[in-house]
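Please construct the entire structure, taking both the sequences and the accompanying hints into account.
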Amino acid sequence: MRRLLLAAVVCLLATGCVRPASTELSQVRVPACRYQGRQGTALVILMAQAVPTASQLPCVELLPAGWSVRDIFVRNGRVRFTLDSDRVGTNAVRVVLERFCTFGRVTRVPSDHPGTRRYQEVISIDPGRRYQGAIYYLFPGGCVTYRLDFRSDEQARPLGEVSLALGFVTRDALRQTLSDFTDGEVPLDPPPEPAS
Amino acid sequence: MEPTAGRPPLDVGEPAVVSRPQRVSRAGQRRRPSGEAPPLPRTLNRSGQVWLIAAAAVLLLWAGVVSNQRTAVWVLEADHAVVNWVAGTRTTLLTGLMQTVHALGSRWTIRVLFWATVVALVALRRFRHLFVFLGATLAVTAFTGVLAYLFVWPRPLGVEILGDWSGYANPSRPVAALTATLMGMLYSLAPAGGLRRAGKPVIAVLVTALSFSLVYLAVNSPSDVVIAAIVGVTVPLVAFRMVTPNEVFPVTYHRGSSAHLDVGGRRGQAIHQALEDQLGLQVAEIKPFGLSGSAGSTPLRVTVKGDPETWLFAKLYAGSHLRSDRWYKLGRTLLYGRLEDEKPFNTVRRLVQQEDYALRLMHGAGVRSPEPFGIVEITPEREYLVVTEFITDAQELGDLDQVDDRIIDDGLRIIRRLWDAGLAHRDIKPANLLVRDGRVHLIDVFFAEVRPSPWRQAVDLANMLLVLATRCSPEQVYRRARLQFNDDEIAEAFAATSGITMPSQLRKAMRDEGRDLHKEFLRLLPEWPRPIAIQRWSIRRVGLMIGVAMLVLLALLTALSSFESAGLL
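These protein sequences, in sequence, are chains A and B. Position 146 (the first sequence) corresponds to 146 in our numbering; numbering is contiguous. Position 172 (the second sequence) corresponds to 172 in our numbering; numbering is contiguous.
It should be emphasised that the hints constitute simulated quantities derived from the structure, not laboratory data. Here a beta-carbon is modelled for each residue, glycine too, at the ideal position from N, C-alpha and C. Heads up, some of the hints might be wrong.
Partial list, computed: chain B residues near chain A (C-beta under 10 Å) [unchecked claim]: (1) Gln69; (2) Ala81; (3) Trp85; (4) Gly145; (5) Glu160.
Chain A regions said to be covered by chain B (calculated; three or more residues, Cβ under 8 Å) [said to hold, decoys possible]: (6) 43-49; (7) 58-69; (8) 74-83.
Laid out in structure tokens, this is it:
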């Protein structure tokens, strides 16, 4: 009996020790746009499964200093994660991917990501103290919302940092990543329905 | 002769004589050789070992998946092949059915089952099972949550997912939570035997149905559900078998004190064997005895083979009694500061050693108490028996219609003997005073204390006076008491005693009498003594109160947070 318990403990320890908490691990646990030369991570694959129609998936390109990813939540139909900033506050940006978006008073602006349409909305401005707004990216099969809440007198710089930090992975690129990983044995999406 | 303030005469009545035990036949003893299991070992059983091996295999598989990409791909491919094949069998009817079955793993199903079990266990006052149930269920949900986060496993790939899901796939949290909850319910609510045996296949069917529906709907892959089921079975099974083994903490629905352990089945056999091996007794029968008078142990009557058969008295102590003793003492320290010797025991062995030592002290001091026969080990550091003489043909003092001067003198002489020997019994109550042939025998000496404070000795005297007065008049008892104790000593006794210092059985006996005997005695005293305060305030007590309050709050917050993260709130 003791040997069994010992074996179980050794296995558990081995499991924990094979990949100790490292940059590699944390990379997998954030929705990184690129990881080890490939586009997307296991988390982005799960996000793709949550909204199977989405042709683009939101991801983190490169986090500027002082920013961190938190509160990642993925379920069927909805993906959400949050960016915290040590300067403009926690929950500074809430990123949501869904099949559809509900717009407020939006203005269309040129998109910085190919294959998407961008809309912006200013919700409230407390001059010198707080800025609340939203950015919407529309693309075939999905919509991504960046809900912004900057508690700072700055507005332009954090907005620029957010634009740098967040990006998109195309579903096609993700398919390719999975195909490379599994030697083409396991597809991301079900085969298309035969046309009737 | 009028008593004086000096030392009272000791030669009142007859001298205390140690009772003569009956002759008990004893055969040869047998020493348990090194390496041989004790009479009642704790085992996981074969099924427990099989599940533990399965859990170890799961851990190995996970280690392989994490450390080796080929293993991960192989598992993904195997899962994909199975899910793909199952998806090929989808029909509208079957999909509707599977979506219904999927509700078995919903948060609401698990919440209802979980909280219903918690409420049932609280209502049944089965707190040990409750804590194991809470611990095992939360451990499973926390463990699977952490592992899912560590393994970042996707949902089945290449197949349309038809059910609701959230988070990573492996291990399947609905399967793990349902399995753990059902296993917990089975092991904490179903008595061992037919009902529990029947429950296992029911759980297997429910978990299999949920697992199949999850695979059918492509919410999970086969590896997700198999691993979750293994974790969901293994953790509660091992927890219940190790912490609440059926032989020690059986699930029963007959009424009785939780302090009383079942002495049938494997434990009964173990007690037989232990008595034969360790004391050389040929045991004919073991029966619970006088359960109503005991709350801190399981009292037993042991019938020893011989011509004629003889009886011995035994008290079974287990870890549960040790914990009860600990809680009892902590409670008294918090409520009253410190009464006397409220330091808890560390082990069951120490606890039974104390009782055996106290018995020998009493015996040596000439107090008429049962002759000790020794300690018997059932499970090392967990269960022991203290064996003593059985006082046959005796009646509890409280069961007598009335007591005469001889019995009163005899009872008071016991207190005088205790005082002279520097001892206190600390639990003088009707159930602990047996009368045979007009002689009082003092039993249950577990709480006995060496060199007690004068206050504690005075309480013993007051309780003896009160017990005796329940069966005659305070005037008669007081008159006889003045032959062995002076007025100052009696006054001190009633100054020292108040509600809390009287055993609950004595308080109940006085309530039943409908008389305030304490007050009646006070009226007989030449002058009313100033009561001795029981409440003791100290930095230690205040610190302990704050510490306990903070611990309770912390435990509550931790539990609430765990329930919330496990989706049970």
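Right, here's what the structure says about each hint:
no., hint, verdict
1, Gln69, "holds, 8 Å"
2, Ala81, "holds, 9 Å"
3, Trp85, "violated, 14 Å"
4, Gly145, "violated, 13 Å"
5, Glu160, "holds, 5 Å"
6, 43-49, "holds (count 4)"
7, 58-69, "violated (count 0)"
8, 74-83, "holds (count 3)"
When the structure is compared with the earlier hints, violations turn up for hints 3, 4, 7 and for no others.
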